[in-house]
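When you get a sec, could you build the whole thing from the sequences and use the hints?
Each chain, letter by letter, is given below.
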Amino acid sequence: MSSVALRLEAVSHAFHAGTPNEVRALDSVELELERGTFTVVLGTNGSGKSSLLNAIAGSLALSEGHILLDGREITQWPESRRARLISRVFQNPFTGTAADLTVAENLALAEGRGGRRWLRRTLDRDRRAAFENTVAELGMGLEDRLDTPIGVLSGGQRQALTVLMATMVRPSLLLLDEHTAALDPRSAEQVIRLTRRAVTAGNLTTLMVTHSLSEAVRLGDRVLLMHRGRVAYDLQETRRRRVRESDLLQLFDQLRWADRLDESAAEMLRRAYV
Amino acid sequence: MNLLIGALTIGLILSLLGLGVFVTYRIYRTLDLTADGAFGVGAAVVAALLVRGAPALVATVVAVMAGMLAGAVTGFLHTRLRVTPLLAGVLTSTALYSVSLFVMGSGNISLVSADGFVSVAERLAHRVGLPPSLTLFDTNVGGGSIASLGLMLVLAAGTAVLLALFLNTEIGTAMRAAGNNPQMARALAIDVNGMVVLGLCLANGLVALSGALMAQYEGFANIQMGIGALVSGLANLLLGEALLGRRTLGRWIAGAVVGAVAFRLLVGAAIRAGLDPNALKLVTAAFVLGVLVLPRLLRRASLPAEAGERV
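These protein sequences, in sequence, are chains V and X. Numbering (this note's numbering) for the first sequence: 2 to 275. Numbering (this note's numbering) for the second sequence: 2 to 312.
What the hints contain is simulated information worked out from the structure, not anything from laboratory work. Please note: incorrect hints may appear among the correct ones.
[What the hints assert, rightly or not] Okay, the calculated bits of chain V under chain X, using three or more residues with CB under 8 Å as the criterion:
1) 101-109
2) 119-126
[Said to hold, decoys possible] Which residues of chain X face chain V? A partial, calculated answer using Cβ under 10 Å:
3) 167
4) 172
5) 177
6) 178
7) 184
8) 188
9) 296
[Stated by the list, open to error] Chain V residues, not near chain X, derived (Cβ > 12 Å throughout):
10) 24
11) 60
12) 76
13) 81
14) 214
15) 265
Glycine residues also receive a C-beta, built at the ideal position from the N, C-alpha and C atoms.
Following this line, the structure appears as structure tokens:
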């Protein structure tokens, strides 16, 4: 197998295509993720970073382009089929778990992600004991609450469990969609630590969208800055080269200047010639 | 006494309807109007087969399959053709009215001389040595009606247990997740559309079973039988939830059975006390509305109507 886990070839998606309101959320994005690397995607609102994640996960259909995972073309696969290989943690901590099902049932569903589900009992004694151990490692005291509906837990606890569920069965690709943005600082810190541990332990290929520059420089081996549906900057080996938050902030400023320049230049042309 | 046994038997038959409504209303949180059509088609198919001399078991099984097929059609309309669940159910149910008419050949079939489950129960009773009639609390009770009650008790309890076991298997758990949080289910590689179709098949199979047994018990099938089935099933379910609560899945499911029987007993008592049987559907609808709306009215009388969730 080659060292490339994920490959995007000229991936495009347009909202309101063919109308005057057409927005190119993804504009011929080319991207390769090396196996076992942690890539962070930054960008302003509407830059296309969420669309990028949704396109990879399969909840957003492409208008053009191809997506290859482990060398296999998955462009036409529905979301649920891709989920056998790609796991995902959402921004909203309530999205990743089924509120009415118990903690143990949620975990069991996550354990079934890779394979077939059949008429086997969901929870037997062995499985429950195994879950107790897994959950105990979180250090949140959840091992006594396996039979509690997961909906009564806090957002931080649910997000920690979602990270656990996403990595129980080793995914070929882990997608993190601003997964700490809705948490209080302490819970966010806890979830980040947990994420880091799981990623290191499984040597996972990870793609994380975030607005937090500090998370970006702490976790990322590589930082992508998206702008107007394209990858505007691609910073390699950010951790080794000790890229700082202020460096990233500078890049954001540059993008903003470029935008303004574009607009004022267009305005000038319009005044002069129209 | 005979009235009591009759009410209990009908309650048990209708508990299967309650279980079907449980699957769609509580697991998938949608009101599946296919139920009305599936109940009718269950009755129609069983009647058409019985008058042609098919054994009761075969006729009932085919009726269940017809109901499952109806559920699959609604599922197809909803998941593939992207019709809203409510409209999909209404369309299937409306179409099923004609299907039932075709199957039955007329609006009404008498099963008095047919060999339905009641006569099967009678024969079983005879074989185990139950007398043809016996005296309970000073009234004369037919051995057949006791046998029918027993058979329905076994069937309803067995179905409830099987449903509870199924919902705790890996597929069943995946199904509950698909209903509870489709986005999460998809992210965990659960084929949500497939699960919706499976759930609708299961639910409408149960509803058709209820309709098929009802026709055999009443001794006739009528094209109008399915009208109001969904609301009646809801009433059973809601009463059961009020009696047994919804703390565990097993209790919840048992509640659907107990609720159906209790509701029938209430109806029987009301009719005996002078309620016009024609008012039955009006009373059932009012009951469902009351159960759903009253607690909220009492709780948040001071809050504006938009504040609460919709029922």
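Which numbered hints does this structure break? Going through the list in order, the structure violates hints 9, 11, 13 and respects the others.
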